[in-house]
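Colleague: From first to last, the protein sequence lines stand for chains V and C.
So the first sequence is residues 0 to 255, counted in numbering that gives the first Met the number 0.
So the second sequence is residues 0 to 211, counted in numbering that gives the first Met the number 0.
These are computed hints drawn from the structure, not numbers from a lab.
In this text, a Cβ means the ideal position worked out from N, Cα and C, and glycines have one as well.
Errors might be hidden in some of the hints.
[As the list claims (entries may be wrong)] If the Cβ cut is set under 7 Å, some of the chain C residues that face chain V in the computed set are:
#1 G34
#2 G94
#3 G106
[Said to hold, decoys possible] Sample of chain V residues lacking proximity to chain C, with all beta carbon distances greater than 10 Å (derived):
#4 Q6
#5 A25
#6 F32
#7 G65
#8 H197
#9 T222
#10 E250
[To be verified] For each label pair, taking beta carbons as the anchor points, the in silico distance ranges come out as:
#11 G14/V to F123/C: 31 to 37 Å
#12 S186/V to C193/C: 45 to 51 Å
#13 E125/V to P105/C: 25 to 31 Å
#14 V62/V to R45/C: 32 to 38 Å
#15 E125/V to S101/C: 53 to 59 Å
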Amino acid sequence: MTAIEYQEVCKRFDGNSAYSVDHVSAQIEQGEFITILGSSGCGKTTLLKMTNRLIDPTEGRIVLFGEDISTVDPVVVRRRMGYVIQQIGLLPHMTVEENISIIPKLMKQDKAKIRDRARDLLSMVELDPDTYGSRYPSELSGGQQQRVGLARALMPDPKIMLLDEPFGAIDAITRVNLQNELLRIHSQTKKTFLLVTHDINEAMKLGTRVMVMNGGRLLQFDTPKNIIRHPADPFVEALIQSVLEQREFWEGVEDD
Amino acid sequence: MIEYLTKHPEKIITPFLEHIELTAVTLLISILIAGILTVLSVLIPRLGSILLALFSVIYSIPSLALFALLIPFTGLGKVSAVIVLCAYNQYLLLGNFLTGLSEVDPGVLEAAKGIGMSTMQELFLVQIPLAQKALFAGIRLAVVSTIGIGTIAAAINAGGLGTLLFDGLRTMNTVKILWGSLLSALLAVVCTACSFSQRSPQSSGEKTLRII
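Chain C on its own, in the form it takes in the complex:
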């Protein structure tokens, strides 16, 4: 295995970097969209449950099928992959965001409104800071899911670690399969570990959390 790496480093490192790129781009876009949809759901009653129902339907479509469905519209490649991965993430992100926001102590929210905070101030100064845990949980889920489903994106020429896996499977090359699966697992584990260590100072004490 090591020999393969030293002989053809680019064959492993390039898909690995591609995979990181695919994950990062997907997350950036999907968190942005989920953030906007969350704010809209807070402002417009019932929008949240409608969106969640919609995204749960999309989420239930097998990823390979969804990738294939998009090919007539956006063709083979990264664009289709990012669209599918973002659509999947919406279910995970929006679901966790909305649940997290709804679990904030209603007494705190009533007081915030009662002392004269506008809906937006209530959302950004009270609800979101207090729902941090759930927000991070949603993002963590999305990271792991993107890394996983991202490997399948190789089937539509989006690159990434999936290319190693598919090549390996086609040519029965165990070394490639092992590198592909090890690196994607490693990526998922490292990302999860990072997000945990990032969150711990905030959850260990509300003291560190100063927003004003």
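Pulled out of the complex, with its shape left as it was, chain V reads as follows:
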């Protein structure tokens, strides 16, 4: 089943003649792990934010599970999706458990159920609920905070997870751990993941398919293997070339 469908989606910000997102069309099936790859200003974050109506498109339609989202209240659209951002954005005046539970609490769901699910999710992101549940975000490391961010996004049991450079501000070792856990959570939950990154290694490692964007346009949308073997655009080719050059450097060091 098609989870997300972008139909000729465009975004032009006020007073700007150029498109930030330029006629993007794509179909994403349920359960896929899509990574959106591009350098800053390429429109990848704008495309992601249009998916949960933080930004509305200038032209085109976005359809989620057969429903045009422009007809749905933005708050309702957002509550159906998980959303994780680079700045993590935990509420500093609430405990970890309160952070995770806030939206279901606002929706007046059963308190005991909320608590159980919050504890399950903390365990899923490998944070002991008894140790960390009552702590405040400032008492956690960056990696732990983003685990909480992930748990909070998973809380409403969304079919779609949107992740905007979630590991951008996290050190290399922790980032690899979190990437692996994200893959595990994806295979466990079978949710549709949409992750924005400027790191080609991250995009290729995590994505079942990768959207490569530049200048607002979707240049190529294919599996990592196909993109590496058959780059459809000079920009994509240059990206892959940059990785190959890095690899030469690493191999050179190993051979010494």
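Keeping the supplied structure of chain V fixed, place chain C upon it in accordance with the hints.
Modeller: This is chain C only, laid out in the frame that chain V set:
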């Protein structure tokens, strides 16, 4: 001085109580108005800056002139005084409220919106609790300013410690002048000290602040 107090306690205590009453009433009304205007400014883009520009113009009018300007409309007395003091406070309160709200970490706000909080929930559950410091700073400023400008309200028969000061000045009675200035200064200092001690547990640790 003490002799004056023991001989005519009502001449000092009555204006002192009047002054406290004037300050309390003014603050209650002005915080309420500033609160409503703040919420409206969050909902309606550009309203905040328009209001602030308007109130900064009012704030720049000397208080005695503003008191006098109102006399044809609301007459002499407390009503005019409260209106003027509230108008002045709007500049201090709204300015601090809006600045405080705008200084909340944009990442936190984006996340709050992104996980599905409505504008009102974002404002009341996230922005206001996180902007507490600035909100209290605004209120503290307003308290001190109301106590100060409130003394001038005596010129339009609104009572308060200003009556002591004006009487004292007119009759060259140093004791009255001293009582008036000492008590108004004391009131301002005590109010400031109280608001600091009230705020300290919240600023010392976010832990004490639980809103849910």
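Colleague: Just to be sure I understand the hint, the distance between the Cβ atoms of V62/V and R45/C should be within 32 to 38 Å; is that true here?
Modeller: Given a distance of about 34 Å, which is inside 32 to 38 Å, the answer is holds.
Colleague: Is the distance from the Cβ of S186/V to the Cβ of C193/C consistent with 45 to 51 Å?
Modeller: Given about 58 Å between the Cβ atoms, the range is violated.
Colleague: In this structure, is the beta-carbon distance linking E125/V and P105/C contained in 25 to 31 Å?
Modeller: holds, 29 Å
Colleague: Have a go at the G106/C hint: is there a Cβ in chain V nearer than 7 Å to its own Cβ?
Modeller: Since chain V brings a Cβ to about 3 Å from G106/C, closer than 7 Å, the hint holds.
Colleague: For the range 53 to 59 Å, tell me whether the beta carbons of E125/V and S101/C fit it or not.
Modeller: 37 Å Cβ-Cβ, so the 53 to 59 Å window is violated.
Colleague: Does G65/V sit more than 10 Å from chain C, CB to CB?
Modeller: G65/V clear of chain C: closest Cβ-Cβ about 21 Å, beyond 10 Å.
Colleague: Does the Cβ-Cβ separation between G14/V and F123/C fall within 31 to 37 Å?
Modeller: The hinted range 31 to 37 Å holds for G14/V and F123/C, with Cβ atoms some 32 Å apart.
Colleague: Beyond 10 Å from chain C, beta-carbon-wise, is T222/V?
Modeller: For T222/V, whose nearest Cβ neighbour in chain C is about 29 Å away, the distance exceeds 10 Å, so it holds.
Colleague: Run the C-beta distances from Q6/V to all of chain C and say if the shortest one exceeds 10 Å.
Modeller: The assertion about Q6/V holds, with a minimum of 23 Å to chain C.
Colleague: Holds or violated: is there a CB of chain V closer than 7 Å to the CB of G94/C?
Modeller: violated, 23 Å
Colleague: Holds or violated: is there a CB of chain V closer than 7 Å to the CB of G34/C?
Modeller: Result: violated, 20 Å to nearest chain V Cβ.
Colleague: Looking at E250/V again, its CB stays over 10 Å from all of chain C?
Modeller: holds, 39 Å
Checked against the numbered hints listed earlier, the structure breaks hints 1, 2, 12 and 15; every other hint is satisfied.
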